[in-house]
Structures are given as C-alpha cells and as structure tokens.
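> What follows is each chain in one-letter form.
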Amino acid sequence: MKKNSTNLRLRLPALIFASEVVIVVLYACFVTYDDHANALLQNNQTRHMENSFYQNYPFFADIQVMIFIGFGCLLAFFRRYGFGGMVFNFLVATFTIQWAILIQGFFQFFYDGKIHLSVLNLINAEFACAVVLISFGAVLGKTSPVQLLIMALLEIPLFGVTEWAVLKYLRINDAGGSILIHIFACYFGLGVTFVLYRPSLNEGHPKVSTSYQSDLLSVMGTLFLWVFWPSFNSALTFKGDDQHRAVLHTFIGLSASTITAFALSSMLSKNGKISMADVQNVTLAGGVTVGASVDMMISPAAAYVLGVMGCFACMLGYKYLSPVLAQKLRIQDQCGIHNLHGLTGLISSLAGICAILLATEETYGPSLYETFSHQAPPEGDPQLMELQQLIPDLEAGLGRSAKEQALFQVAALFGTIAVSAVGGMLTGVVLKLPFLASPSDEQCFDDEVFFTVPSDYDCVNVLSETRKAENE
Amino acid sequence: MKKNSTNLRLRLPALIFASEVVIVVLYACFVTYDDHANALLQNNQTRHMENSFYQNYPFFADIQVMIFIGFGCLLAFFRRYGFGGMVFNFLVATFTIQWAILIQGFFQFFYDGKIHLSVLNLINAEFACAVVLISFGAVLGKTSPVQLLIMALLEIPLFGVTEWAVLKYLRINDAGGSILIHIFACYFGLGVTFVLYRPSLNEGHPKVSTSYQSDLLSVMGTLFLWVFWPSFNSALTFKGDDQHRAVLHTFIGLSASTITAFALSSMLSKNGKISMADVQNVTLAGGVTVGASVDMMISPAAAYVLGVMGCFACMLGYKYLSPVLAQKLRIQDQCGIHNLHGLTGLISSLAGICAILLATEETYGPSLYETFSHQAPPEGDPQLMELQQLIPDLEAGLGRSAKEQALFQVAALFGTIAVSAVGGMLTGVVLKLPFLASPSDEQCFDDEVFFTVPSDYDCVNVLSETRKAENE
Amino acid sequence: MKKNSTNLRLRLPALIFASEVVIVVLYACFVTYDDHANALLQNNQTRHMENSFYQNYPFFADIQVMIFIGFGCLLAFFRRYGFGGMVFNFLVATFTIQWAILIQGFFQFFYDGKIHLSVLNLINAEFACAVVLISFGAVLGKTSPVQLLIMALLEIPLFGVTEWAVLKYLRINDAGGSILIHIFACYFGLGVTFVLYRPSLNEGHPKVSTSYQSDLLSVMGTLFLWVFWPSFNSALTFKGDDQHRAVLHTFIGLSASTITAFALSSMLSKNGKISMADVQNVTLAGGVTVGASVDMMISPAAAYVLGVMGCFACMLGYKYLSPVLAQKLRIQDQCGIHNLHGLTGLISSLAGICAILLATEETYGPSLYETFSHQAPPEGDPQLMELQQLIPDLEAGLGRSAKEQALFQVAALFGTIAVSAVGGMLTGVVLKLPFLASPSDEQCFDDEVFFTVPSDYDCVNVLSETRKAENE
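Those protein sequences? They're chains A, B and C, same order as listed.
By the numbering used here, the letter at position 154 of the first sequence is numbered 154, and the numbering carries on one by one without gaps.
By the numbering used here, the letter at position 174 of the second sequence is numbered 174, and the numbering carries on one by one without gaps.
By the numbering used here, the letter at position 466 of the third sequence is numbered 466, and the numbering carries on one by one without gaps.
Note that these hints are calculated values from the structure, not bench results.
Don't take every hint at face value.
Since copy identity is lost for identical chains, a pair holds within one copy or between any two.
Cut-off 27 Å, straight-line C-alpha distance, at most; resulting in silico cross-link-like pairs (BS3-like, lysine-lysine) [as the list claims (entries may be wrong)]:
hint : residue 1 : residue 2
1    : K328      : K207
2    : K273      : K432
3    : K432      : K328
Work out the full structure, taking the sequences as your base and the hints as a guide.
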C-alpha cells in the first residue's frame, strides 16, 4: 500500500470495521432505551399517544430530509463531483450519527450507568451531523472518504464537549444553534482547510465548475433545506408558543433573504445576470441569522430585517471576503461556509444578545422565565413560587439578569470560535498523516478517483471543451 | 438603460429593495403574533400541545414541499429553461408569500388594529402562492423576473379581495379551492397571456422542447405534487372526519386520473406511445376535480368517477382545445393551465353544487350543519339550540337552503371568472410597459438571458442537432 | 394488431378502462367510509383531534414519498430506461392501490356488507403496492406496462389471501413486513422472472448500463427510501413505546448497514473504488433485516448487528449469488431483489424468531402480552384479568408459548415462500400470453419502445460510444 495512493480497498474497510466493532461494543454496554421507548415501564397510567415520540418524530423526519437529501443534493454542484458530494454526504452522515449517539449520549442522556435512547437523541445526533457536514463544505472535493470519516471521528467529541460545557455551564439561549451548530462547524471547517492548504488550487482548477444538471440538482438541495429549515430551527425549543414563533421567524427570515439574494446577485454581476451559486447558497442565509433569537418575541419585522441583513453579509462575503481568505490567509473555503454559516452566525449571535437585553415581562409575561430559563429565580426564591402559580411547570433557574445572560452569550460565542478553530487545525494536522488516501491536487473534484464511473462520465466535459474550442 | 434591454442589474434590485422597504414598514406597523404564538398570553391554563400550531404545521410542511419542490421541478421541463422554471418559481413564491401575509392578513386576520400571525396565515399565504404559480404557468418562458414579480404584486391584492368577498359575503363551500384557487389562477393567467400575445410563437419556437433529463425532473415535480395533494386539499377543512374524507377522496381521485391519463396518452398518440407531457400534467387532474366537494359525503366511488372525468377533460383540452385557443383566440397557454386547472375546476364546481343539492341529514346527521355551515340555522333560531345539544361547537349559520347555497356557488364561480379574467388582462397591460426586461421572441424559453449559465449549457442541444443532421 | 407488436394504443387503454369499470362498480357497491371518516357518526362525544386520521396520516404521507419518489427514482437507474423506471412505477403504484383497497378491504375491513375506508386502509394498500413494486424490480426493463398491470392484477389477490391467512390463522409478529412484504414480493418476482427467462440477456445487453445522471437520480431514490424507512417499519406497530422502538431500531439498522456497504463496496472491487450500484441498493439492507423484530426489546446493539449482517448478506448476494442464479437457475433478477429483500428477509425472520424465544416478562413487563399479542392468555383465563388490571386495553390472545409462536413464524415463512414462488411462476405463464406487448430482447431496457422520447434521448450514448471508439 503506497503512502500516497488513493486506493480505498484496505483503508476504508479497515477504518469502518474497526469503528463498527468499537461502536457495537459500546452500544451493547451502554445504550439502552429511554423510558418512553421501554416496554417495561408501560403500565395502566400510560397513555400511548402522550409518548414523547409523537412530539419529536415529525421534526426528526423533516431534519432527516435536510441532512440526507438537502445537504446531499446541495453538495453535488460540481460537474465531475456529483457522486462525491451526494454519496460522501451519505457516508459521513450515517457514520456521524452512530458516533454522536454515543458521544452526546454520554454527555446529555447518561444516567444509571446507561445512555437512554429516544428520538430526542436522534434529533441531537442529526444536529451533530449537520455540524460535520457544514465543516465538510470547506474541504469538499479535496479529501478522501477516509479523511472525512476521521474528521467526523475527531469533530464529534470536540463538539460534544463544547455543547455540554456551553449548555451546562454557560447555559445560553440558542434555539436554532447559531453558535453551537453554525459557528462551531464553520470555524472547525476553516481550521481544517487552513492546514490542508493547497497553493496550486488558488490558480484555478479545471474541474472547479458546474454543469447545467449539477446546478439544477444543487438548487433542489437548497429547496429541501429551505422548506424544512423551520423544523430545524424549532426542533429543540419549548413546545407551544415558543415553537410556533420559531417556525414563523424562520419562514419570514428565509423568504426575506431569498428575494434579497436575487436582487444582490443580479446587481453585483457584471451583466446583470443571476448566478446559480448565489441561488444555491445565499438564499439560505436568513435561516441562520434568525437562529439565536428564533423563539423570542422579536417581532415578525425583526425576523424580516435579520433575513435581509444575513443575506447582505453572506453575499458580500462570497464576493469580497472569500477570495481574500483564499489568497492571503490560505483558507480555501470550498463552499463558502464562512459566508453562509460564519458571518450569518455572528449576526445571529449579536441579534440574540440584543433580544435578550430587550426582553421584558411586559412583552413576555411570566413566560419570560420559560424562554429565558436561566433568568428564572433560583430554587428557594419566593419569587419562583409566585411564578409557578402562574406557570406550574416553570423550573428554577439561576436568577441571572439579562446583562449577565448577555455576557454568557458572548463568552459562549468566543469560546466556541476558539475551541472549534483550534480543534479544526489539530484535526487538519491529523488529516495530513500519510495513508489516508488524500487525493493529489489534480485528482481533486473528480469522482473517478474514488468511484467506478459510468462511461459517459466526462462526456459533458469533453463536449463543452470541444464547443469552446470551436467557438474560439 | 435601454427600453428593451433584458439586463436585470438595476431593474430587479430596484423593484425588490423598494418592495422590501414597504413590506418591512408594514410588518413593523401592523403584523403581530396570533394568540397561539404570543408568549404574553400563556398562563396556567395553557396546554402547550394544544397550541393550534400542532394541528396546522404538518399540513403547512407538506404544502411547502408542493410549492417549492413540486411546482419548481414541474416547471423545469424545458430543455433550456430549467433554471428559469425552477428558480423563478422560487423567487416568485418567496415574494408572494411575504406580500400575501399582508394582504390576506388585512382581510382575514385583522383585529385590534393588527394582523395576527400564525401558521394558519402561512398556509393561506401558500395557497395565494399556488395561485400566482399556476398563473405563471401560462406565461412560462416568455416573461422576465421583473414582470413576474409585478404580476404577483398585482394578482395578490385582487385575489385577496376576491377571496374575502367570496368567503365573507357569498360564503361558499370550496375546501380544495377549486373556484378560489384553480379557477381564479387559471383565468387570471389566461388574461395575462392574452394581452402578452406573441404571434410569432404560434409558428413554433426552436427552444420549445424538452430533454431527457428535464422530462425526468419534471415528472419528479409531478410526483411531489401528487404525493402531498391530499394535504393541500384537506389543509383548511374542518378537523376530524371532514379532513379524513378530504384525504381519502383526493387520493382516490388522483389515482383514478393517473391510470386514466396513461390509457388516454397511449390511445391518442399516433404510434401508441406514452407522452411525458401527459404524465407530467394530466395525471394530476383528479386532484382538482375532487376539490370543491372533497370534504363532503360524496362516496369513494364518486371521487373515483370525478378523477376519471377530470382526466378526460384535461387530456382532451390539451389535445384539441389548447391549439384552438392559441391559434384562434390568441391565448398562448404555455403549460396548459386551462386544461389542468380551468376545465377541471369547472367540473369540480359543478360536482360541488351537485353534492350540496344532494346532501341530506340522513347521510350527514347533524354534522350536515358543520360541513355546510351556511345552511345551519341562524342565531336565535330554536333549531340551532337543538342542534347544539348534539354538536356543542356548532356555530350559527345563515339558514340557507341547499338550493340557495347552490346559487351562491354559481355566483361565486362566475364572479371569480369575470374578476380574474379582467384583472389578468389589466395586469397584462401593465406588464407590457417598457423597462420591465421583457425578453424578445427569440430570447424566450432561454436561460442564457437571465442567468450565468455553465459552459455545457447548450451542449445537449448542439449534440442532438448534430445527430439529427447526421440522420438526415 | 400483431401478436408481437409493442404498440400500446389498444391494449393499454382496453385493460385500464376495463379495470376502471370493474373497480368503480365494486367501489359503488361495497366501499363506504370508516366510522372515523363518516359524518353520520359524529356526535357530542366526538373529539375531532382524536380521530384515528391524526395518528395514521403522518406515516401514510411518509410512505407515499417512499412509494412514488423513493421507488420511482431508484428504479430509474438505467441510462436509457429512466422514463420506464420512474413512470411505470407511478402507473403500477396507482393501479395497485386502487385494486388493493378492494382486495385487502374484503379480507380485513369488511363488515356489515361493506368495506370501511380510512387512512389505515390506504397505508395497507401502500404496503401491497410496495410488494408489487419490489417484484417489478426483478423484471424491470423486460416487460411492457400491460404485463406489469396484469402482474399487479394477479399478485394483489394472492398477496391479500396470504396476508389474511397469515394474520388471521398463523398470527405472526412481523411489524416491518419482512415475511409478508419482502419475502413474498421477492419470491413472487423471482417466480415471474424465472418463467420470463430470456437466454440472450445472459450474454450481456448493450443497454444495461447507467449514466452519470441516472446514477445520481437513483441515489436520490435510495436517500428518500432511507429517510422514511423508519416510518415504513413503524406504521402498523402498536402506538407508544412499540412504535418508538421501531423507529430507533430501523434508524440504527440502516445507518449500520450503510457504512458497512461502503466498506464492502471498496473492499470487493478490484481497484478499491466504490460502486454506485452498491450505494443505491446495499445501503438499505438494514431496513429489511430489523423488520420482523423491529418493535421488540432487542436492544439497540442488536439492531446494529442486524444491520451489519443484512448488509453482508446483501452484498455477497450481489457479488456471488446473482450471477449464479442468472446463469444456472435461469433467474434473471434485474435489480437484485433476492439480495435486498430475499436474503435480508430470511435473516430478519430468523432474528424475529430469536427475539420471540428470548422475550421475557422481566424485559417487557406485562406489555409482553401486547407486543406478543398471541401469547396473551385467552378469553376467560384468570391471568388475563390480572394483566388487564395492569394494562386495561390488553386484548385476549391465544395463550401460545414462545416456542409455539416461533413455530408459527416458521410456518408463515415457508408458507409464504411457497405460495409466492408458485404464484409468481403461474403469473409468469400468464404474462407470456401473446398480445401483451412484451418487448423483444433488443427492445429491453429502452424507453423508445413505449415512450415518445426527446431528440437528445440517446445523445449521451452516442457520445460515450464515440469517446470509447476514440480511446481505442
């Protein structure tokens, strides 16, 4: 087995089978059913339709479509890397989910010596999966499946720890995951691609181009992400009016950013034409920007403005920032995740902080202490008992003021950026190890390296080159 | 900026940004949360899982898929206009939704000086969106995005007024929107295309053709519409058995029209071959024809027959009526919306009237007055109190007889046709204004006009022409 | 009309219209609404949101996507048979559903002289539909639509009888349909293809190949099946924790089999490259293998192992068994249904039997007698009354021991194989009748036979042949 060979024949099975053995042993030792999935705990008090399953499964199903079909199609935009985009997405997603069930399980669903499994864990695992897939966007086409699996293997524990620390100790408001999902994934991915820097790619690569069909397929991915993004942003909010608002805001933010993307795309192109890359990516910016404040009473108009702002940041990032990052800072961000997840995540975090500072009992009533649970009075505080008469389910909080909460949000933001960027760089170092089947520069963005391709594989290419030659 | 230029660089951003300013100001002044999305109104009586959100969101999500992916793929059937079909659908849909939330909000969800927003408004806005997208079908490939947005801008207020007048004053039964959605959208679209008549297109246009891939993509759109149509037809019925029947009838009607479409397609083609255009369109006829009576006790067999009848009408319309409309009446109906939405809508309206006339208390029991709410006894009528003992939630109606109700249905049908046709023609006049980037005849059905296209864009075309030449 | 003509002009309409007349008469005479869809039965006790519709519709909608889009795209993998795969799937599915509503209705939903229709019947009909579509996989590209409809016409009654006999008399545990759906469909399909044996196809067929786009489309189908498979396997389980477990197991089983498929695909190919055919098919094996025990307390680790085992069986089947079946046993299984549904179904059945034998009250508590309803004490047994105090809804069973139940499972398995294989062969004999528009060997796998194809139809083919010639 040559050091630089891209042959997967031994490497990929070895990695997968080894992981499977570890995973199945850990599952056997540590994973059991949650009370709502455990036959033993059913009794004459059980009402089957009140099983938590029915509250979570519809959101889980929607997020499944986003992860497997939305991301899968979106990443298939390269002319010669459609298999890679769609199929490595599939591989990485299924691998990540198995692993995240364990890691997140240890941190969040572990008691009585066991991880307790329900659909709620699966939703969390799909969020972890979204993190890895976003990071994957930075190195799309430049990594082997072996490298991608190792990236997932390393990213998930770091994500699990960060998530646990932020949720348990900093205790922030971030219903849509702007900080924990988008910011983490973005800076991790940038860290990886920074280390995997390939100077020659800055001079252009013949295979970095789309085809008519790949552009259409990628837009389909965008549409699936768009359609189910409200479910993504609302899956883990409080039930009831909080979840309701999360859906409304996401929908409004997305539709505002979509029409803005069309305006900017035609305005910033030389000949006034719309670019498909913008339609595929920039339209989605609003879904991220509303994330951190998505369940709050920010007003529909604010969601609209957030959508527009996110779109501007994302579009200007693609146009002016990405080239600088690639040329000057050796950050080759293939899908522009810094624009779609980083810049928008920052805006979202800021908006979340503003929304926290502006939240009053006048607007929220006593449920202020539900949405901002950490500002609820602590256990034993007489004010808590008063509030519990108004909202019986209210849990004790930490008695934080809004300003304190804002500081914790800031801490979470910068902490997450630091941890993910450093973690990403270290992961990048690991991915540079030999024997990981990393493709050479010429082999990038090319399905032929890792797939048996059909005979018409580069026909379209040959044809369009012939035509170009004829035209010249 | 030349009068006839198709350059979008100034026009599209100007229109979008101006609209956004207006929309965001109106949202800020007038749009607030519905009680079910308002944190302030939660108290110790609130049961979160009884939030109206949970009743409506699953249907909303299904309709989202229809609007963005179903319509988007279906409209991408032209060989060189896949971007236009799929992407302008995306643009128009997101624009329309924002606008419809305001317009329908003023007419239907306005009280205490505010529009109250919930997922229910979003469902209504998506229906408004379906109206614009159906009308779009008549002018597909012949209009610029600027024209399409202006069409939406004008169509939505007219639709909003019509919907409000029909629902408030005529008070008709039309659960699946056969009259308000399909008929309105169809005649509006025909009015627009009548005014935008392009004589040269009647002689055939080289770009009016499909490719193997575009045909497959378009069928996928059909399949998504097919699969979620039951949700569309049942989203706004009464909950419970009414919604249950709506799903059963839609499903049966659609499956009946689908197999009929295959039979007719092979029967009416010269060589007995199936046409993909028929598979893409005619299969869906049954979904429209069951619309007006979809929640009534019409019997499964009647839903079946309606599906078959709708399919016949639609197929014969494509075969024999559309050419006449284009050649003789200067109505160039690009996607044949008159067949799929007009003729079927008429059949559906008639079927609805029959179902109303045939409805008896023997079949429906007291819930007759729920399904046919306007035939319920008016406030103060002693019969109302009797009925309310049987069905506590029953609301007072207008005490109409079935025949009276039938007349109102007829009035609504003809009123809608008249208003939409005239409105469409006036809109067409506006769309003929200069500076709207309208493509010339040769530029029709061509993505290159409004999009940066990949280098393989017309390869397939070149190739198939080469092949044709070789064969000759 | 020539005996061997493939012209559909008379044959297809004749068959469809005749079926429609029969179906509509039977619907009119025998099909009425279920109590939950019947307006007459609503009274002041009715709570609309407790209508069974709301428990079943979300699962129905998911399965719809699988049947129409999942199967449709998956079957479109041939380069020149995309229309056939996707569109005949559509035709066969809609036809089958109508027919299955009647047949299954007579066996399962018939009382008071009528078939009572609800969404539950539709779910059952879609399962019947899955059966026909799986069998279709064995003869894909080698049959006319007329033959396919006749196959459905014959397969559904046989399936209906088998299902009824097994559920009513043998009363087995098979929540995911491993025996009744996958095994039945597989051996029926193999029976058909055995009789329709075409020796010349064993020497290779020029049109048996994929294209870059068809491979991508087919993977999309796989992804849709993958995403909604948990709904498929859990749609007909008990509500509550049983359904919850079914989703967890399916998800875990699928993700285990997916990563295993990637490992095996690269390991078993000469150059270590991943084969798209494996990604399209073998990844799904885990969904079948967990089927028969999907609602039981088998533990998450066991679901994982089942997924891996299913994947091994399926992959080795494709690699080593399918060629033997085709060459030696004249079983030309076009999509390899014996690997994806047969071998995995056998493993699943065995796993189900083990799970039954290992089930104890210690693990399940009293709800053992719910999940394994036939082991519940029979009517009149004092133990039943004790159990009913713990679980009030518990129904009387047959008082079977676990071993007895295991024997019934074995009987069901072998009975199903025998019935379906013989039924498939007899159906094959019928399909050999003249006048059914069966394509000749050269016409196989070719859309041009039954569809009007666009002018670029075989461009890709021409091109890749040109290229091949150039390279030689």
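> Between the shortest in-copy and the shortest cross-copy C-alpha distance, which are at most 27 Å for K432 and K328: within, between, both, or neither?
Cα proximity of K432 and K328: one copy only (21 Å, versus 49 Å across).
> Have a look at K273 and K432 and pick one of within, between, both or neither, based on CA distance no larger than 27 Å.
Between. Shortest inter-copy distance 21 Å satisfies the 27 Å Cα cut-off; intra-copy 40 Å does not.
> Can you tell me if K328 and K207 fall within 27 Å by alpha carbon in one copy, between copies, both or neither?
within (23 Å within a copy, 45 Å between copies)
Taken one by one, the earlier hints all hold for this structure without exception.
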